[in-house]
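Residue numbers (numbering that gives the first Met the number 0), protein chains in the order written: chain A, 0 to 385; chain B, 0 to 140.
What the hints contain is simulated information worked out from the structure, not anything from laboratory work. Among these hints, one or two may not hold up.
[As the list claims (entries may be wrong)] If we take Cβ atoms under 10 Å as the criterion, some of the chain A residues that face chain B in the derived model are: (1) Ile132; (2) Gln147; (3) Leu151; (4) Gln179.
[Claimed, not checked] Here's a subset of chain A near chain B, in silico, CB distances under 7 Å, partners left out: (5) Asp135; (6) Pro139; (7) Gly141; (8) Thr143; (9) His158; (10) Gly161; (11) Ala203; (12) Ala250; (13) Thr254.
The beta carbon of each residue, even a glycine, is placed where N, CA and C say it ideally should be.
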Amino acid sequence: MLKDQACIVGIGETPFCRKPGSGMSEMTLQLKAATAATADAGLKGSQIDGILPFPALGRAEAFAGALGCENLRFSATLHLGGAAPVAALRAAAMAVVSGTASHVLIPGGWNGYSGARARAAVQDMNSLPGAAIARDFYVPFGMTAPPQWYALMARRHMHDYGTTHEQFGAVAIAMRKHAQLNPAALMCGKPLTMAEYLASPMIADPYRLNDCCLETDGAAAFVVTTVARARDLGKQPIYLMGVGVGQPYPADEITNRRDFHRTGLTSAAPEAFRMAGIAPADVDFAQIYDCFTFEVIQQIEEAGFCKRGEGGAFVEHGGIELGGRLPVNTHGGLLSQAHVLGLSHVVEAVRQLRGECGARQVQNAEIGVVTGWGDFGDGAIAILRR
Amino acid sequence: MPETKYAKPLPQMEGLAGEFYGHCKNGELRFQRCKCCGAFRHIPREICPECNAFDWEWAKSSGSGTVYTWTVVERALHPAFASDTPYAAVVVEMAEGVRLLSQVVDCPPDKLRIGMPVQLELRAMTPEVTLPFFRRLIDNQ
Ligand SMILES: [Zn+2]
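Bound conformation, chain A alone (with noise of 0.2 Å):
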């Protein structure tokens, strides 16, 4: 049992940017956001004893080298894409619960706009699971890359649901709007409307261009500890409540599910909400992973702030809004602020926790959540609270 044992003491992060690219390696600019992490906890690089890298963005004995950290006791990548990020809570918070580490490092960051991944990531499947069934049984066929496996579940959904395009482009536009008041989101001065959504250029339908993350050169990192050691340090300890991490089943092979709509939340929140003690009624706000629009209505259902197939009436008339009943995504989310391979979830709902959010708080933030979404649908949950 993990909850109120650990907390997120330290945050950092870069700039992010597309054009001209950050001129820096993507271990750079992650040193970047970790040195960030670790002045905002007060500590010392060389206190760091445990380190999460992101699954192929640096190796573990590599941080450690730069950063000092002579005693590095704990290190492992969680393979699940973009929930990676949260599951790595998870697992600092095993370890330094159970001693195994006492100051963890998760960073993350990369050159998704200027670099060479970038223009590559399509071709590059080799850190998916199902990476030779995707070769194999998809590419063949011209599903080559994420939106357009993902398009399937959105379409389907929208058959079994009566989901719409308009509540799409309602995720699209509440993302948007949070970032106008975030000057570091990328889409700050960039406001979208309804007609401009629906005119932007399809890519794989359902999906058009305004349904999809941006690309951005940047960084992000958080540093965990205990309760305990939390207290000693200068910043307000954020306490992580609850945690899960679930895969759909399986989880290599989107087409064969029984439960076509199942997704590693389906199983990784309701264990997080018991962790917690709360219902998700109790949630202040929640920052989802947004690689697509569609994928934050279908991360709410299966998180359960509404029944599968409620998504979509539930992003409606600002129902994710800042003033709505679950503010999402409060710094404009993969769709508007950047793709910083959701580190930068963590990082906005510490803030929120902490009441650093200027014009776009939410008053009186006590519960928040964070989602990651990766691969063929893994997903991890955090419940945290200040």
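Here the structure of chain A is known, so what remains is to put chain B with the ligand in place on it, guided by the hints.
Same frame as chain A, now just chain B with the ligand:
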């Protein structure tokens, strides 16, 4: 042979996937069927996830199915498919119960429907590789 080189990615003809596409090359769509509990399975796997039996056979498919879900790719995300757009990728639910990702050929995008009956059409892409595509069974839309 003076042929235009096929530039799109193809399955690697190895292991169980190689056996699956080997049957396609021989003009047959076959799925694994467990010899213990009789369950069909796709994607090919080493043992039966229903009963964990190791004994299985490649059972011939009827080739009939219905569209379970679909997308129309309007902007290719891999350069080799750029000249094909728009193309209709579908998940077909076969009469045998398994689902298969493929394309419906010669179908206008606005005719695609979930539940639409489709029939197998094997197409040799290269001398080595034949892929299973589908065609609308009847133009009933
Ligand atoms: Zn069996």
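Requested in this report: Find the hints from earlier in the document that the structure breaks and name them by number, from lowest to highest.
Outcome: Those not satisfied are hints 4, 10, 12.
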